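Given next are the chains, with one letter for each unit.
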Amino acid sequence: MMNQEFYNNSIFCLISPKLKLTTLTVLASLSFLISDWRFHATSLLIVSLMCSIAGIPYRKLIKHLRSTFYLLLIIFITHAILDNWQDGLKIILRFSVLIFFAMLVNLTTSISDMIDSLTSLLRPLTCIGVNVSKVSLALSLMIRFIPLVISIFQEVQIAQKARGLENNLIANIIPAIIKTLKMADNIAEAIEARCWE
Amino acid sequence: MIKIENVSVHFDDFYILKNINLILLEKKIGIIGANGSGKSTFAKLINGLQIPDIGSVEVDNFNTKENGKQIRRKVGFVFQNPDNQIVFPIVEEDIAFGLKNLNYGKVEIEKIVNATLDYYDLSYLRQHQSHSLSGGQKQLLAIAGVVIMKPEYIVFDEPTTLLDLRNKIKIFQVIENLTQTVIVITHDLNLLENFDRVIVFDQGQIVADDVPKIAINHYQTLMYDEPRIL
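Read top to bottom, the protein sequences are chains A and B. Just so you know, the first sequence maps onto residues 0 to 196 in numbering that gives the first Met the number 0. Just so you know, the second sequence maps onto residues 0 to 229 in numbering that gives the first Met the number 0.
What the hints contain is simulated information worked out from the structure, not anything from laboratory work. Predicted model only: the values in this text are computed from it and were never measured. One or more hints might be untrue.
[As the list claims (entries may be wrong)] PhoX-like mimics (lysine-lysine), calculated; alpha carbons at most 25 Å apart, straight line: (1) K2(B) - K64(B); (2) K17(B) - K2(B); (3) K26(B) - K149(B); (4) K149(B) - K2(B); (5) K149(B) - K43(B); (6) K133(A) - K105(B); (7) K43(B) - K68(B); (8) K64(B) - K105(B); (9) K167(B) - K99(B); (10) K181(A) - K43(B); (11) K17(B) - K64(B); (12) K17(A) - K110(B); (13) K133(A) - K68(B); (14) K133(A) - K99(B); (15) K2(B) - K26(B); (16) K43(B) - K105(B); (17) K26(B) - K212(B); (18) K110(B) - K149(B); (19) K43(B) - K167(B); (20) K212(B) - K27(B); (21) K178(A) - K43(B); (22) K17(A) - K99(B); (23) K105(B) - K17(A).
[Claimed, not checked] The following label-pair restraints were derived from C-beta to C-beta distances: (24) N113(B) - P56(A): 30 to 40 Å; (25) N185(A) - Y223(B): 28 to 38 Å; (26) L101(B) - P56(A): 33 to 43 Å; (27) E107(B) - T77(A): 52 to 62 Å; (28) V134(A) - Y223(B): 47 to 57 Å; (29) N34(B) - L180(A): 18 to 28 Å; (30) L120(A) - N189(B): 23 to 33 Å; (31) S15(A) - N189(B): 51 to 61 Å.
Note that CB positions come from ideal geometry on N, CA and C, so glycine has one too.
Could you build all of it, start to finish, from the sequences and the hints given here?
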């Protein structure tokens with residue numbers, strides 16, 4: 000959900016984020032309910048076309064698909080061995096459709112719009128005691144602090160490397176966890192200081 | 000007016016702050032002291048992030064112990080490390096966070112955010128990821144995120160410690176131009192020259208409280224005479 004680039008000139012930016020997220024949910028459900036390979040192939044074609052209209056380069060789509068390549072390959076091989084290769088292919092098509100569509104939604108929706116929409120879609124859950132604003136803040140914090148936590152781990156790794164401890168798991172993990180927890184405390188204070196109730 | 004009466008903060012037998020009595024009326028107040036002297040704890044007392052174990056802190060007659068919500072609306076707080084203060088991944092979203100908490104409407108938020116981004120020369124960064132900004136830009140963003148909430152007082156806890164000289168000067172110019180009452184904790188003594196009052200802390204107590212020149216001299220003498228690592 001971390002959109003590094005934002006295709007704000009695309010016509011898909013004009014579509015309500017709520018509609019995009021609902022469509023993604025419906026498409027995901029249909030993909031698992033319908034097993035006909037022609038449905039998945041047609042969906043993939045349509046979604047690819049939509050990505051192209053949105054101006055997302057194909058190499059970017061392939062790059063994202065490549066990151067899940069090994070997972071898809073394992074699924075395909077498992078199906079080919081235990082069942083038949085046609086089912087394996089169907090699953091690959093199904094996942095490709097969902098990955099492409101999720102990318103389309105992600106790259107054409109700003110993070111704040113995404114969080115606002117999720118908050119609004121989750122609002123009915125307030126009746127069962129879910130604090131929706133807390134969920135939405137947690138989502139924002141997660142997106143905001145992933146790069147920060149990664150940089151903390153990298154800093155610790157470099158510091159330990161300088162001391163000749165690059166292969167010592169404990170020397171790398173413990174300080175990073177302590178630093179992350181301390182940061183979490185500071186962030187909680189900062190949120191409180193900014194009138195979060 | 001900030002009124003601090005007989006305030007002590009302790010951890011078991013160790014006193015972080017001991018019997019502090021102060022009335023703060025000036026517009027620009029500097030707080031200096033060695034590491035571990037209680038400066039940051041003192042700063043947190045002012046906006047209720049730290050509640051005193053003994054005594055009371057009042058901001059415009061609101062007690063920090065009982066009126067946390069009102070106090071935090073009145074007193075903004077800028078932390079030393081902006082990375083701990085910036086909550087949202089996108090610059091303009093982070094600036095808007097405080098306003099959302101104060102229940103401003105969407106249109107009004109957009110208008111105020113635009114004006115603030117323009118004022119702080121951050122407009123060209125509005126859609127940027129906050130983690131990719133430079134240290135100076137992050138601190139400016141953190142300040143903008145607090146100022147936008149229109150607090151009457153702003154406490155700065157070592158806002159220039161992580162910055163280079165150019166960014167230090169820029170941030171201090173921003174602080175000097177603020178119309179609010181500001182309380183700045185810093186180790187950059189030369190930046191306090193134009194302040195109205197400087198208070199020196201040592202081992203949890205106030206050891207000097209005067210105009211900048213006299214207070215800074217006292218602090219420097221103290222540090223040279225009793226060097227120690229805390």
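Enumerate the violated hints, using their earlier numbering and listing them in ascending order. Result: hints 8, 9, 16 and 30 break, sorted rising.
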